[in-house]
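J.: Listed below, chain by chain, are the residues.
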Amino acid sequence: MNTNFLRTKNTNFIKSINLLNSKRLSNLKLRRKTIPVYERIIDIVIQQAKELNEELANKIPLEQGADAPLFGKDGVLDSIALVTLIVAVEQAVEDEFDTALTIADEKAMSQKISPFRTVGSLAEYIQKLVKGEI
Amino acid sequence: METPITLITGASKGIGKFLAQYYLRQGHRVIGCSRSDTDWKAEGYEHHLADVSHETDVKKLFSDIRRKYGKLDHLINNAGIASMNHFMLTPLAAAHKIFDTNFMGTFLFSREAAKLMKKQQYGRIVNFSTVAVPLKLEGEAIYAASKAAVISFTQVIARELADFGITVNAVGPAPVQTDLIAAVPKDKIQNLLDRQAIHKFAEFEDVANVIDFFIRKESAFITGQVLFLGGI
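Heads up: the protein sequence lines correspond to chains A and B, in order.
Mapping of the first sequence onto our numbering: residues 1 to 134, in sequence order.
Mapping of the second sequence onto our numbering: residues 1001 to 1232, in sequence order.
Mixed in with the good hints, there may be bad ones.
[What the hints assert, rightly or not] Derived lysine-lysine pairs resembling DSS-like cross-links, with alpha carbons at most 30 Å apart:
1. B:1115 with B:1041
2. A:59 with B:1041
3. B:1118 with A:59
4. B:1186 with B:1097
5. B:1059 with A:128
[What the hints assert, rightly or not] To give a feel for the contact side, a few chain B residues facing chain A, derived at Cβ under 8 Å:
6. 1056
7. 1059
8. 1060
9. 1063
10. 1066
11. 1118
For the record, the hints were derived by calculation from the structure and aren't laboratory data.
Heads up, the beta-carbon is just placed ideally off N, CA and C, and yes, glycines get one too.
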């Protein structure tokens, strides 16, 4: 039996699936671009905090949304957990915005009010970094 | 076995070039970087142009590694510069330059590597010090100080990274015949060799041997150590 026909058909099928997937992906990216930057960042912070919570005994109360405390007076994270969260968020933000950034830079460390207090304050600080406002 | 990913700084010449080719032969995927392009190419090797003390260059390099490979197994912080001079005649700009490359470069690469290695709870970082530190070599005050800083840094971050399965050690080569010592007067080098237990130059292979030991999977219990060559 001549299987070349089937092979060609199969290859074309895979090509069309790949094309469809790449179109879906670019549509998804386009759609995401219409979401405000802050929303995209806070989504990332919450997602990464959720993943971190799986390893934590003392969990971040994410039901409080943007007000969920992270680090400092009311925070639940110790310094190692904060490092873990910051690194994970940094990498996810780099991927989302196709950029390179350092969250724990000297500006963050010299802020009068730490940007690492809550989910919301962290997202706001990253938004400024991404937009080049600081 | 998964191909190990090894990043070597200062890979365009000298020990860095040797190590890049050596680990390629061991079956590693080797990523090298330097300020200038290389005069060599090899399958399994990719070269990036980067100034090790330039944060943006370093972030971009690691971003590329993360996207392409998703992991890093070994970092060899080889890039280094030296300047032989009496300290009273050393310009501030020269001191900055030496510290930027030798210390800041090691710091930046270690920081970004640790972020990647932490994810996989495994990693080996090898830093470069020198026998000029314990031998307190006259004429190399700034160079030795920058390499002493590398030792302190190695020992402290070894503790900070221990819980993530990352080891950090340093090799302290005796003089190796490379560009780094080309400008150093012969009698000074001979004085230095005379103070070693084994009075001869180190070979590239001697340095590779120490790195091999540090990066072995079995060396998981070896961290914060500095191994000097030549019997210091």
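J.: Hint by hint, say whether it matches the structure.
T.: Each hint tested on the structure:
For the given pair, residue 1115 of chain B sits about 29 Å from residue 1041 of chain B by alpha-carbon distance, which is consistent with the 30 Å threshold. For the proposed pair residue 59 of chain A and residue 1041 of chain B, the alpha carbon gap of about 50 Å is over 30 Å, so the pair is violated. Of the pairs offered as hints, the one joining residue 1118 of chain B and residue 59 of chain A holds, with about 21 Å between alpha carbons and a cut-off of 30 Å not exceeded. Restraint check for residue 1186 of chain B and residue 1097 of chain B: satisfied, since their Cα atoms lie roughly 25 Å apart, inside the 30 Å limit.
Only pairs whose Cα atoms come within 30 Å are accepted, and residue 1059 of chain B paired with residue 128 of chain A is accepted, the gap being roughly 19 Å. With a cut of 8 Å, the hint placing residue 1056 of chain B at the interface with chain A holds, because the nearest CB-to-CB distance is about 7 Å. For the restraint placing residue 1059 of chain B at the interface with chain A, the shortest Cβ-Cβ distance is roughly 4 Å, inside the 8 Å limit, so the hint holds. For residue 1060 of chain B, the suggested interface contact is upheld, since its CB lies about 5 Å from the closest CB of chain A, less than 8 Å.
Residue-level restraint check for residue 1063 of chain B holds (minimum Cβ-Cβ distance to chain A is 5 Å; threshold 8 Å). With its C-beta approaching chain A no nearer than about 7 Å, residue 1066 of chain B sits inside the 8 Å limit, and its interface hint holds. Hint status for residue 1118 of chain B: holds, given a least beta-carbon distance of 6 Å to chain A, under 8 Å.
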